[in-house]
Amino acid sequence: MTNDNPLKRILAVRGMGQVLTAAAGLLIMCVVFSYVNPSFASGRNLANLLRQIVPILLVGIAQSYVLITGNIDLSIGSVLGMSCMISATLMSGGMHPLAAVALTMAAALAIGWLNGALVSRCRLPPFIATLGTMIIARGIAQLVNGNRNTDSIRKMVPADVVYSAQDAFRDIFYLGKTFGIHNCVWLTLLIFTFFAFLLSKTRTGRHIYAVGSNIEAARLSGVDTARTVTVAYVVSAFCAGTAGLYTTALSGMGAMDAGNMYELYAVAAAVIGGVSTLGGQGILLGTVFGASIWCVLKNGLQFAGVSVAYQNIVIGVIVIVSVLLDVIVRTDMLKGKFKKKTTS
Amino acid sequence: MGDHIVEMNHISKAFSGVKALDDVSFNLKAGEVMALLGENGAGKSTLMKVLSGVYTRDAGTVLIDGQPVDDLTPARAQSLGVAMIHQELNMCTHLSIAENIFLGREITRHGALADAEMNRLAREALSRLNIDLDPATVVGDISVSKQQMVEIAKALSVNARILVMDEPTSALTAREIEDLFAIIRKLKAEGHGIIYISHRLDELRHIVDRVTIMRDGRFITSMNFADTTMDEIVSHMVGREIKEKFPRIDSRRGRKIFEVKHLNAGKPVRNVGFSVYEGEILGIAGLMGAGRTEITRAIFGVDAKDSGELTLDDTPVVIRSPMDAIRAGIVLAPEDRKKDGLCTRLSIRENISLPNLDWIADRLGVVRGRTEQQTVAKAVADLSIRLASPEMNAGNLSGGNQQKVVVAKWLARTSRLVIFDEPTRGIDVAAKVEIYHLMNRLKQDGIGVVFVSSEMPELLGMADRIIVVCEGRITGELDARTATQNQILELAVAFDDKTNGAAA
Chain Y
1 MTNDNPLKRI LAVRGMGQVL TAAAGLLIMC VVFSYVNPSF ASGRNLANLL RQIVPILLVG
61 IAQSYVLITG NIDLSIGSVL GMSCMISATL MSGGMHPLAA VALTMAAALA IGWLNGALVS
121 RCRLPPFIAT LGTMIIARGI AQLVNGNRNT DSIRKMVPAD VVYSAQDAFR DIFYLGKTFG
181 IHNCVWLTLL IFTFFAFLLS KTRTGRHIYA VGSNIEAARL SGVDTARTVT VAYVVSAFCA
241 GTAGLYTTAL SGMGAMDAGN MYELYAVAAA VIGGVSTLGG QGILLGTVFG ASIWCVLKNG
301 LQFAGVSVAY QNIVIGVIVI VSVLLDVIVR TDMLKGKFKK KTTS
Chain D
1 MGDHIVEMNH ISKAFSGVKA LDDVSFNLKA GEVMALLGEN GAGKSTLMKV LSGVYTRDAG
61 TVLIDGQPVD DLTPARAQSL GVAMIHQELN MCTHLSIAEN IFLGREITRH GALADAEMNR
121 LAREALSRLN IDLDPATVVG DISVSKQQMV EIAKALSVNA RILVMDEPTS ALTAREIEDL
181 FAIIRKLKAE GHGIIYISHR LDELRHIVDR VTIMRDGRFI TSMNFADTTM DEIVSHMVGR
241 EIKEKFPRID SRRGRKIFEV KHLNAGKPVR NVGFSVYEGE ILGIAGLMGA GRTEITRAIF
301 GVDAKDSGEL TLDDTPVVIR SPMDAIRAGI VLAPEDRKKD GLCTRLSIRE NISLPNLDWI
361 ADRLGVVRGR TEQQTVAKAV ADLSIRLASP EMNAGNLSGG NQQKVVVAKW LARTSRLVIF
421 DEPTRGIDVA AKVEIYHLMN RLKQDGIGVV FVSSEMPELL GMADRIIVVC EGRITGELDA
481 RTATQNQILE LAVAFDDKTN GAAA
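These protein sequences, in sequence, are chains Y and D.
Take the first sequence: its position 112, counted from the start at 1, is 112 in the working numbering, and no numbers get skipped.
Take the second sequence: its position 241, counted from the start at 1, is 241 in the working numbering, and no numbers get skipped.
Calculated directly from the structure, the hints in this document are not laboratory data.
Predicted, not measured: the structure shown is a model, and the values here were computed from it.
By construction, the Cβ of each residue, glycine as well, lies at the ideal position given by its N, Cα and C atoms.
Some hints here could point you the wrong way.
Listed below are several chain D residues computed to face chain Y (Cβ distance under 8 Å; list not exhaustive) [as the list claims (entries may be wrong)]:
hint, residue
1, VAL302
2, VAL317
3, VAL318
4, PRO322
5, MET323
6, ALA328
7, LEU342
8, THR344
9, LEU346
10, GLU350
11, LEU357
Distance condition first, Cα-Cα at most 20 Å in a straight line; then the derived DMTMM-like pairs of lysine to aspartate or glutamate [what the hints assert, rightly or not]:
hint, chain 1, residue 1, chain 2, residue 2
12, Y, LYS177, Y, ASP167
13, Y, LYS201, D, ASP358
14, Y, LYS177, Y, ASP151
15, D, LYS261, D, ASP250
16, Y, LYS201, D, GLU167
17, D, LYS339, Y, ASP171
18, D, LYS186, D, GLU167
19, D, LYS188, D, ASP3
20, D, LYS146, D, GLU167
21, Y, LYS201, D, GLU372
22, D, LYS338, D, ASP313
23, D, LYS338, Y, GLU216
24, D, LYS339, Y, ASP224
25, D, LYS188, D, ASP209
26, D, LYS261, D, ASP209
27, D, LYS19, D, ASP303
28, D, LYS29, D, ASP58
29, Y, LYS201, D, ASP362
30, D, LYS338, D, ASP306
Use the sequences and the hints to build the structure in full.
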């Protein structure tokens with residue numbers, strides 16, 4: 001009953017087809033960009049590129065969780081911005097980063113929980129519920145520092161302190177390196193590993209797929225569907241909140257418009273990597289490739305001297321084509337299935 | 001035979017090898033009401049779906065107005081004047097009556113919708129049927145019976161002359177039924193042909209001219225209604241012998257496992273009470289829409305209960321959700337496997353383990369891969385589910401194997417009461433027998449089995465006791481060893497009399 005051939009086993013994993021396609025596409029892009037401009041492949045650029053992938057991957061993981069349950073989270077970008085503003089306001093006001101991070105994440109998780117409750121218990125359409133919280137979270141981001149961007153988070157650190165806790169914060173979330181790779185990349189790898197494990201190897205993860213595939217069948221199988229949907233939204237808010245801390249560490253201050261549009265970039269990263277917006281399908285490894293394609297394209301086109309306007313057009317086309325390929329493949333499968341049923 | 005507006009000769013149709021229609025012939029004259037009768041699964045709906053182009057026939061000829069029609073698609077059937085009035089109305093409830101009537105063939109003036117003209121034409125169509133409704137009314141705001149009449153008006157406005165009505169009175173009150181019958185008589189007088197499908201045999205005498213009876217996908221007989229009796233009709237519907245063999249086993253009836261009292265859940269479940277004992281299979285019989293499924297859903301906690309006391313092993317249990325039920329030891333293999341039973345886009349492995357993750361996963365919630373694979377392999381072997389790999393999508397299995405997966409996922413855990421809702425629908429005989437054996441095994445193990453089915457032979461063959469429901473009430477209980485199909489059918493049609501006419 002078990003597949004002994006390891007290659008077969010990898011291919012048997014749901015949605016692996018599109019994940020491999022995305023991986024191949026990524027590889028081709030890297031080769032082409034290195035050829036067009038050799039400095040694309042320089043160690044310096046690659047390290048920088050990895051760090052650019054971090055926020056897109058984090059919000060991609062966030063959106064993937066919610067999409068797999070068959071819902072959507074429009075509040076991701078605003079939660080990122082809110083997290084950035086709250087953490088920066090607290091730190092620039094002199095609070096220890098540890099406490100600031102704890103409070104920030106609590107606020108982000110609260111929005112995630114609210115999203116989950118509105119969608120699963122109050123039965124609001126996810127588009128509407130998270131549109132509401134998207135606007136609310138952006139409002140909070142504007143409110144916390146009196147509708148102004150914050151000063152430097154190091155503002156209250158006495159001038160004679162050479163290495164403050166605020167500096168440590170920036171090192172962990174953006175600046176520092178360990179074994180030659182930025183800490184934020186390690187951190188994201190850790191987050192990815194944990195959530196990939198949760199999704200693929202645990203009961204909760206299985207419930208997330210079941211709810212996205214057929215919520216009624218899941219309910220009749222004894223799945224707590226409300227809890228499952230809420231977990232997905234809380235995971236989403238956790239990742240968005242972490243991406244907000246990254247943004248704070250990046251500039252050393254808080255910007256009110258941080259994360260603008262990121263909820264949609266997140267959708268793009270997820271669907272390029274094979275996550276279905278209809279729910280029940282996709283794996284986080286695919287989102288890694290999706291997020292990477294997004295960033296490699298931006299970075300590579302920049303190195304190739306393509307203007308931002310064309311970059312946007314190319315990325316838009318890639319989003320459509322990657323999903324179109326999937327639709328074509330799946331329609332053919334459905335047709336095949338239909339034929340089998342009618343002729344047998 | 002020149003005046004036949006519909007002639008269907010030697011029609012056959014199979015679904016994945018199971019014959020739904022076997023050499024069926026049927027005809028309809030202009031200006032008559034033909035009742036199409038038979039038990040659930042006799043093939044009435046399938047035959048009508050062939051006529052309306054929803055299904056393509058495998059063999060046989062269809063003549064409409066004497067002209068052979070080869071490629072019958074829904075659009076072609078409609079243009080030839082065939083219209084189906086469905087049991088579940090197909091209306092856009094947010095749109096107005098006129099918008100529904102002209103849906104898909106809207107009238108425009110200079111590219112803009114000509115609402116005034118469509119409203120006027122809709123009013124005409126309604127008034128032809130003596131229906132007094134404002135065409136601008138939103139369909140969701142009018143009663144079900146009025147919606148049905150709008151649907152009839154819609155059919156007539158596309159010049160339908162052959163109307164198929166499938167259980168048109170099931171949702172209507174006595175007064176509304178009278179109105180519907182008046183419309184039917186008017187249509188008949190205008191020369192329309194009407195095919196009338198109903199389980200409410202006592203209604204027939206008000207409108208019907210001829211009857212055609214089907215059984216097990218075959219044509220049985222066609223008669224003038226005036227020349228026959230109700231008894232004759234019922235015995236034709238039921239047939240005389242039970243053809244399939246059922247592996248019933250006898251085991252001693254033990255302690256009471258489960259009892260439900262005063263169960264109410266909306267209109268479809270009214271004051272239901274019964275008990276299930278160790279070592280028996282309790283059958284639940286009833287016609288389509290009688291409330292069988294709703295009873296099981298209310299017990300399992302899918303739908304909210306208005307009232308009801310449940311006892312499991314002499315301990316009262318409170319069930320508000322399927323989670324509560326499963327925790328207490330009650331499981332349900334639901335009727336509609338595509339909608340309620342399976343996550344079709346997930347693998348067979350994931351479907352089978354879904355309700356069992358509480359014990360397949362360890363305390364931290366991590367799914368134990370080995371345990372899962374062994375559980376799935378055992379379930380697949382136990383039910384002889386034919387599959388290439390447990391990793392394939394459940395949606396790609398055949399109907400019979402899908403049904404086995406729905407059953408398998410529940411049998412992998414230990415329960416006290418297992419409810420099967422139509423476990424053998426649409427599956428082949430060999431697969432049916434495997435499911436019967438499974439029910440027997442549960443029965444021998446002292447687990448309570450509730451077996452809901454619309455097929456009387458299998459209930460008589462497999463169950464020990466049978467309770468019959470009609471309109472959400474239990475209308476009787478029978479010993480399956482001595483009961484007959486006629487007895488079940490009588491109890492199943494023990495409706496509150498709505499047609500207050502002369503005695504039948």
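Hint validity - D/ALA328 Cβ closer than 8 Å to any chain Y Cβ: Nearest chain Y Cβ about 11 Å off; hint violated.
Pair hint outcome, Y/LYS201 versus D/GLU167 [Cα-Cα no greater than 20 Å]: violated, 49 Å
When the least beta-carbon distance from D/LEU357 to chain Y is tested against 8 Å, hint result: Given a least distance of 4 Å, the restraint on D/LEU357 holds.
Interface restraint verdict for D/THR344 against chain Y (beta-carbon cut-off 8 Å): holds, 7 Å
Pairwise hint evaluation, D/ASP209 against D/LYS261, where the allowed Cα distance is 20 Å at most: Given that 20 Å is the threshold and the Cα spacing comes to 44 Å, the pair is violated.
Restraint check for D/LYS338 with D/ASP313, where alpha carbons must lie at most 20 Å apart: violated, 33 Å
D/LYS339 paired with Y/ASP224 [C-alpha distance capped at 20 Å]: holds, 18 Å
Supplied contact hint for D/LEU342, tested at 8 Å Cβ to chain Y: Holds: closest Cβ of chain Y sits about 6 Å from D/LEU342, inside 8 Å.
20 Å limit on alpha-carbon distance, applied to hinted pair Y/LYS201 and D/GLU372: holds, 11 Å
Restraint outcome when D/MET323 is required to lie within 8 Å of chain Y by C-beta distance: This interface hint holds because 5 Å falls under the 8 Å limit.
Hinted pair Y/LYS201 and D/ASP362, Cα distance within 20 Å: Given pair Y/LYS201, D/ASP362 holds - Cα atoms ~11 Å apart, limit 20 Å.
Supplied contact hint for D/PRO322, tested at 8 Å Cβ to chain Y: holds, 5 Å
This entry does not satisfy hints 2, 3, 6, 14, 15, 16, 17, 22, 26, 27, 28 and 30, going by the numbered hints stated previously.
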